[in-house]
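K.L.:
Assemble the complex: chain C is given as a structure, and chains W, L and Z must be docked to it using the hints.
Protein chains: 4
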Amino acid sequence: MQNIYTDLALEMAEQLSGGQGGSDSGIDGVEISVENNEVHDIKVTVVQITNDAGEAAMGKPRGNYITIESPEIMVNNVEAHEEIISILANKLAELTKGIKKSGGSTLVIGLGNRDVTPDALGPKVVSKVLVTRHIMESLPQELAGGLAPLCALAPGVMGTTGIETAEVVRGLVEHIKPALVICIDALAARKISRINQTIQLADTGISPGAGVGNKRMSLNQQSLGIPVIAIGVPTVTDVATFVNDAMDLFLSEMSESTPESLQDGAKFFDMLQKLEDRDKYAIIRNILQPYVGNMFVTPKEIGEVVGWLANIIANSINIATHEGISREDINRFMY
Amino acid sequence: MQNIYTDLALEMAEQLSGGQGGSDSGIDGVEISVENNEVHDIKVTVVQITNDAGEAAMGKPRGNYITIESPEIMVNNVEAHEEIISILANKLAELTKGIKKSGGSTLVIGLGNRDVTPDALGPKVVSKVLVTRHIMESLPQELAGGLAPLCALAPGVMGTTGIETAEVVRGLVEHIKPALVICIDALAARKISRINQTIQLADTGISPGAGVGNKRMSLNQQSLGIPVIAIGVPTVTDVATFVNDAMDLFLSEMSESTPESLQDGAKFFDMLQKLEDRDKYAIIRNILQPYVGNMFVTPKEIGEVVGWLANIIANSINIATHEGISREDINRFMY
Amino acid sequence: MQNIYTDLALEMAEQLSGGQGGSDSGIDGVEISVENNEVHDIKVTVVQITNDAGEAAMGKPRGNYITIESPEIMVNNVEAHEEIISILANKLAELTKGIKKSGGSTLVIGLGNRDVTPDALGPKVVSKVLVTRHIMESLPQELAGGLAPLCALAPGVMGTTGIETAEVVRGLVEHIKPALVICIDALAARKISRINQTIQLADTGISPGAGVGNKRMSLNQQSLGIPVIAIGVPTVTDVATFVNDAMDLFLSEMSESTPESLQDGAKFFDMLQKLEDRDKYAIIRNILQPYVGNMFVTPKEIGEVVGWLANIIANSINIATHEGISREDINRFMY
Amino acid sequence: MQNIYTDLALEMAEQLSGGQGGSDSGIDGVEISVENNEVHDIKVTVVQITNDAGEAAMGKPRGNYITIESPEIMVNNVEAHEEIISILANKLAELTKGIKKSGGSTLVIGLGNRDVTPDALGPKVVSKVLVTRHIMESLPQELAGGLAPLCALAPGVMGTTGIETAEVVRGLVEHIKPALVICIDALAARKISRINQTIQLADTGISPGAGVGNKRMSLNQQSLGIPVIAIGVPTVTDVATFVNDAMDLFLSEMSESTPESLQDGAKFFDMLQKLEDRDKYAIIRNILQPYVGNMFVTPKEIGEVVGWLANIIANSINIATHEGISREDINRFMY
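Chains as they are written, first to last, in this note's numbering: chain C, 1 to 335; chain W, 1 to 335; chain L, 1 to 335; chain Z, 1 to 335.
If you're looking for bench data, these hints aren't it; they were derived computationally from the structure.
Don't take every hint at face value.
[Stated by the list, open to error] Just some of the chain Z residues that point at chain L, by a computed CB distance under 7 Å: (1) ARG170; (2) LEU251; (3) GLU253; (4) VAL292; (5) ASN294; (6) PRO299.
[To be verified] Taking lysine-lysine and the DSS-like style, the derived pairs with C-alpha atoms no more than 25 Å apart in a straight line are: (7) LYS177/L x LYS177/W; (8) LYS280/C x LYS43/C; (9) LYS43/L x LYS191/L; (10) LYS97/L x LYS43/L; (11) LYS300/Z x LYS300/L; (12) LYS43/W x LYS191/W; (13) LYS300/C x LYS191/W; (14) LYS191/C x LYS300/W; (15) LYS191/Z x LYS300/Z; (16) LYS191/L x LYS300/Z; (17) LYS177/C x LYS177/Z; (18) LYS191/L x LYS97/L; (19) LYS280/C x LYS191/W.
These numbers were taken from a predicted model, which means no experiment stands behind them.
Beta carbons: idealized from backbone N, C-alpha and C, even for Gly.
Here chain C stands alone, though its shape is the one from the complex (with noise of 0.2 Å):
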């Protein structure tokens, strides 16, 4: 089976293992390991890609893939948004603890269009980080120890600012030499369940798949010459999956209720079921051109839960950057 190309590496593998999930990815130079929090309805999923083989396979270059999914992200849980708060941000301790941040700032790059609710992830996470790179200097000694140099931009997208974002990052990288990135970015999603209960955590920044023709340039290390890691949600899906989706679920519809005697010689049906995945998604794209890109599916509350998103992100980065401060303080100091 073909695969379709996805930003999540969790829909990737599971694409390749058939969907059964498990430990054993079954595929050369790919591991997963899953931990459940049962409390708050919390699986956290850990794709490791080791070689080349695991490249090859997943299209996607090898690193740490961390994927937080939860029913309770798209409600307005408290606790379970705490608890998520508090996993992602040691999973974000972890991947950057071996980057020697002495010295350099950590500089948050928020994707994303801010007019489009569903988009405006990656800037609201911006305005809800504490920077501090400006105050490093004339903070009290008792400060000094705990707070970590941290800024934040937000670049807009190249259809309303004429710039590459690349540009824009890399001239910011050359100017204030950061040691680290860490991009935010909402995705679209392939599964209509995924949409604003999953949170991707790489360490491998952001490099668009060969297959998807986006010429967006990269923001990676290659591109950098930095570490760069990547935070991602997806928030809604374009038309042509929920069309795509909706048709199989009707024709696995059809095929339960359509009598023998029309099916039997329902070449044509048979055809359409036999159509590759790839294939059909293909046809359906080309067949909602003009809309594919300029409407999209997204869930009627998306502007809250958007905003629970940012708040989730934006606590896990102060948490994992200011370590050397209480969370209290880090709220206290965001004004």
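P.N.:
Showing chains W, L and Z alone in chain C's frame:
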């Protein structure tokens, strides 16, 4: 052919007449006339339902339904918007000129949920009309003649207030005894191509179609005791409509590109094509049940377009209501 | 000394008692008790007006006025906010426990203009309470016991609707016959230092002080026929108050730094200092006439703080109203 | 008389010339010309600083400072706004016609904090200019001649990014090598009456006055190596200015209404009146220290007015930049 219920009288008439359009509807009790403004690509259609047969065929009460269509509504074309304002203001003045307004206010009701961008049209119009009812007594002499008493309320939606909109409106109408109610509402389009391109003005109020199962109480002369004008614009498609339209495109594409040999015994294909529109739509709605009502399809630039639509409608109401003063003075009065 | 009218009973009591505070108000018919929560720097003051003398002295109707003060309200301190929610929910439950709610709804009215950030507190609370009145009949058995019928409306302000808020509320109360009304309102502080740091809860409804000249009709038991609880927070200072406070600071600064020789014959200076507060304020208001009511003074971070305040108040109302289910379930129910 | 620093060259010239106005500035090296458009109550003043003496007197670098003033900016007067767009576009075209733009882009920089309504002017302009730099190569032949390459960035403010704005801009200028930078900024007015009524256009970039103590690095030809145009609008008054103006009004009111007998020995009063403006302002700033920078004074309708201002400025930039195509086509291109 069975028809699918739609809020737009124009769409209903098109279905009944097989889409030929033209001024001869061919339906007893339904008269149609069309005007084109070619400079700004604006089409105005007046559908009049004049007798019981027309009501039955159209599934709508007798009265006047005026549709203004233009692709220019979706772009920031100031001149075309001005032209549409002028047309809508005229039509509104015509529909209301018979109503004896002396002594009574015009009450504008902005239906919809202001926190969901494409549903915020009504509340946005409310915030842009020139309300005067509370200052009529303190107006300077030279303005008192030009301004008419106008008030406005956006009562919210039942899902967020716990109160039927009609309950709020009735209570208010009993208290302040207006002469006329104008309701503004965002609609769901049955065709993707209508989204944000069509404004419907009707003198029949809002009476949800029997078949829709929407138990929202009516806002019309019968329920409120005074004339009710409705202005509606389709700003979204529900996901079922979108998938339905996409599947039709898909099937028609496949039937052209599928070799004869496959189509030959394609009873299933035949069956799909022969499914009544209403049945197919019902099946899709059913399959997509968890998403219908919770997700919607909308253009990326919806925020900006709803702003323009609110501007067009509010200006038209201001001009038609405060007919004794210039538009410049109306604008100046807004602060 | 004459007092300046203020919406906060606490400020009025402080003025009357010369600012000493303490539990002995020294005023006939006014009893004051204070509790401090030192962990989160929260001070709770209960002012009870118990007889005619108290009403006359305070310029407010008899009843209970509970003030919760904390600088932590202004910062993103989740733990302190949780503590304040708990205190406010308890006090609200105490004030309403005598009201027989069986069969009748709680109606939350969010006063204020949602388009003016510091005035948007009431409308924001309305969007965050858990409304249930419309679904009470369809609730599953296990929830029906825990949830009470609640509905909510943000009626807008007269300047943008042309309708007295009290007219909308009365019409609604007559129609839906609630058992209790809770009004939320943003107030103007008389002291800059109170802005966004004080929540007042009172069981006397909203009855604008006679001296203020505000002809807005009352929302109280007398006018609506049912108990009315008011929750208010000062979120702005009007420019006259700000200038008044600033001039006092200026004069006191000048009197300290001005050489004796200049002060000696400074009858003018004496006169300034001897001006009754109320007179000085009136002069300033008069001088600033074109700006009073059209301009306001507010902290830069007002948008964020109003969000936190709405969160605190809405959660308190949810907990006090839906007392049979856990807070986690309340949150889960919001979508 | 010593002057108080102001961002507006016009205010500085008024101070120097004792407020008489008129075209003869009476200052060496400063030339002033005034045009009035009486239809829409628009006044255009051109201040030219032509030599060292002018620079010293005005505290500003030599160059052209064009001020467009109109009370109509504050109200929704479409016709007056169109007239102002036309004037501003013409002046901008004049200032930039000498700059050889072939091959190089225009880079629009929207300064300010988009989350603080009156400071959001710059970011709002960025979202309304027609960016083309990224699509110049794929434009159809007939448009390629009319559209010029334009790009735009809103870099945020140091308080929320931790990065000097000038650092971001310099990095970007080095990377994309534009031919011209246009900076948009919201200013603080020194007179309440200027708020939202004045647009200043200058070809000297942004060079904070030496006396202000603002260490923000300059954005001008010297620092960036290319011409820098600045467009600024005062949208707030800081609280110190407001109190200062209010106290002047108060003192003048008091001196008129105070009996001779009190004024007689009023050395203190004399002293107050003789305080240099700059000293009085400094004292007030000092007294109000905790509030200056954290609180601001602004009109209630600031949200709406900033929207109109952004519209005026963005349209002017679009017209002056994309001079080969009609304004209607520019608008159509926005989506």
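K.L.:
Hints first: check each against the structure and report whether it holds.
P.N.:
Outcome of the hint check:
{"no.": "1", "hint": "ARG170", "in the structure": "violated (27 Å)"}
{"no.": "2", "hint": "LEU251", "in the structure": "violated (10 Å)"}
{"no.": "3", "hint": "GLU253", "in the structure": "holds (6 Å)"}
{"no.": "4", "hint": "VAL292", "in the structure": "violated (11 Å)"}
{"no.": "5", "hint": "ASN294", "in the structure": "holds (6 Å)"}
{"no.": "6", "hint": "PRO299", "in the structure": "holds (5 Å)"}
{"no.": "7", "hint": "LYS177/L x LYS177/W", "in the structure": "holds (21 Å)"}
{"no.": "8", "hint": "LYS280/C x LYS43/C", "in the structure": "violated (31 Å)"}
{"no.": "9", "hint": "LYS43/L x LYS191/L", "in the structure": "holds (17 Å)"}
{"no.": "10", "hint": "LYS97/L x LYS43/L", "in the structure": "holds (23 Å)"}
{"no.": "11", "hint": "LYS300/Z x LYS300/L", "in the structure": "holds (14 Å)"}
{"no.": "12", "hint": "LYS43/W x LYS191/W", "in the structure": "holds (17 Å)"}
{"no.": "13", "hint": "LYS300/C x LYS191/W", "in the structure": "holds (20 Å)"}
{"no.": "14", "hint": "LYS191/C x LYS300/W", "in the structure": "holds (20 Å)"}
{"no.": "15", "hint": "LYS191/Z x LYS300/Z", "in the structure": "holds (17 Å)"}
{"no.": "16", "hint": "LYS191/L x LYS300/Z", "in the structure": "holds (20 Å)"}
{"no.": "17", "hint": "LYS177/C x LYS177/Z", "in the structure": "holds (21 Å)"}
{"no.": "18", "hint": "LYS191/L x LYS97/L", "in the structure": "violated (33 Å)"}
{"no.": "19", "hint": "LYS280/C x LYS191/W", "in the structure": "holds (23 Å)"}
This entry does not satisfy hints 1, 2, 4, 8 and 18, going by the numbered hints stated previously.
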